[in-house]
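Residue numbering for the sequence shown follows this note's numbering, beginning at 1 and increasing consecutively.
Note that these hints are calculated values from the structure, not bench results. Backbone N, C-alpha and C fix where the C-beta goes; we use that ideal spot for every residue, glycine too. Any given hint might turn out to be false.
[As the list claims (entries may be wrong)] Below, a list of computed lysine to any residue pairs in the SDA-like style, where the Cα atoms sit at most 20 Å apart: (1) Lys15 with Phe26; (2) Lys69 with Glu163; (3) Lys2 with Glu21; (4) Lys69 with Lys2.
[Claimed, not checked] Ranges of calculated distance between the beta carbons of each label pair, as one might list FRET restraints: (5) Ala124 with Ala12: 32 to 38 Å; (6) Asn65 with Gly126: 25 to 31 Å; (7) Glu125 with Leu18: 37 to 43 Å; (8) Gln122 with Glu24: 39 to 45 Å; (9) Lys213 with Gln111: 40 to 46 Å; (10) Ala12 with Gln111: 35 to 41 Å.
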Amino acid sequence: MKMTPQLRNLLAVYKTTLNSEEFESFEREVNRLLNHYHDLLASYRPGAERATVTHELIEEQISLNSHIKTTCQKGCGACCHLEVEISEDDADRLAQSILQQGIVIDEERLQAQATRQRLDSQWAEGAIQSNRCVLLGDDNACRNYENRPAVCRKHSVVTPVSECETLGGNPVPRLIPLNEIIISSAISQEGNQFGALPKMLAAALTRLRDVQKIHNLDFKDGAESNISPREADPSSEKAP
Numbered sequence: 001m002k003m004t005p006q007l008r009n010l011l012a013v014y015k016t017t018l019n020s021e022e023f024e025s026f027e028r029e030v031n032r033l034l035n036h037y038h039d040l041l042a043s044y045r046p047g048a049e050r051a052t053v054t055h056e057l058i059e060e061q062i063s064l065n066s067h068i069k070t071t072c073q074k075g076c077g078a079c080c081h082l083e084v085e086i087s088e089d090d091a092d093r094l095a096q097s098i099l100q101q102g103i104v105i106d107e108e109r110l111q112a113q114a115t116r117q118r119l120d121s122q123w124a125e126g127a128i129q130s131n132r133c134v135l136l137g138d139d140n141a142c143r144n145y146e147n148r149p150a151v152c153r154k155h156s157v158v159t160p161v162s163e164c165e166t167l168g169g170n171p172v173p174r175l176i177p178l179n180e181i182i183i184s185s186a187i188s189q190e191g192n193q194f195g196a197l198p199k200m201l202a203a204a205l206t207r208l209r210d211v212q213k214i215h216n217l218d219f220k221d222g223a224e225s226n227i228s229p230r231e232a233d234p235s236s237e238k239a240p
């Protein structure tokens, strides 16, 4: 089963701080929860539907941990200039909402970002225009907040805002272990690829636009197309 870096780090810390019996018990519980959420998410249709369920589970945990105070505020936008990784499910929900709501994005910048290699040095330059998320508005707030990816939902920091605004700062994120387990279970779903937001979003937009073209065809036999976004791409897993 895949794990987020945060979950792997948590296990590594506990392995050095707990005795062997305590750690084995903790590890068993983590694996039990990973399997539980993996099976739960596997019961939903790949794409926007499964992403929505994943996001609801994450939001529930954030609500339950609201006592952990964070310093994030609307209009900061610092983390919206970083290399953010999302799942294919996330990308499908994001792309679907962009097209349905008619949200205009900078396609040229999206494609330029999508061609970057993982951990490209350009991302380290921080809050510059070429790193700016295509969904970040002029007010530095997300223009598609309701449909933001899982990683964007779970990310908040507990350190002063200045740590995020300064290159080389040391922001400390809020850690909700169960959210790391939920996201790990989501990216472990068969066919649910995980990669940089620009690359994943660009691919999802292409898939959905292909589906729209198929639906807009004037079929001579009058048949309607029932092809899903994932099914438009032969390399993607088809829904059961």
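To see whether the hints hold, each was checked on the structure:
1. Only pairs whose Cα atoms come within 20 Å are accepted, and Lys15 paired with Phe26 is accepted, the gap being roughly 9 Å.
2. A distance of roughly 16 Å separates the Cα atoms of Lys69 and Glu163; the hinted pair therefore holds under the 20 Å criterion.
3. For the hint pairing Lys2 with Glu21, the CA-to-CA distance comes to about 24 Å; that exceeds 20 Å, so the pair is violated.
4. This hinted pair does not check out: Lys69 and Lys2 have alpha carbons roughly 29 Å apart, beyond 20 Å.
5. Look at Ala124 against Ala12: about 25 Å separates their beta carbons, and that is not inside 32 to 38 Å.
6. For Asn65 and Gly126, the Cβ-Cβ distance of about 29 Å falls inside the hinted range of 25 to 31 Å, so the restraint holds.
7. Our hint of 37 to 43 Å for Glu125 and Leu18 holds, since their Cβ atoms are close to 40 Å apart.
8. Between Gln122 and Glu24 the beta carbons are some 43 Å apart, a value that agrees with the proposed interval 39 to 45 Å.
9. For Lys213 and Gln111, the hinted distance range of 40 to 46 Å is not satisfied, since their beta carbons lie about 19 Å from each other.
10. The given range of 35 to 41 Å is respected by Ala12 and Gln111, whose C-beta atoms sit roughly 37 Å from each other.
Hints 3, 4, 5 and 9 from the earlier list are contradicted by this structure; the remaining hints agree with it.
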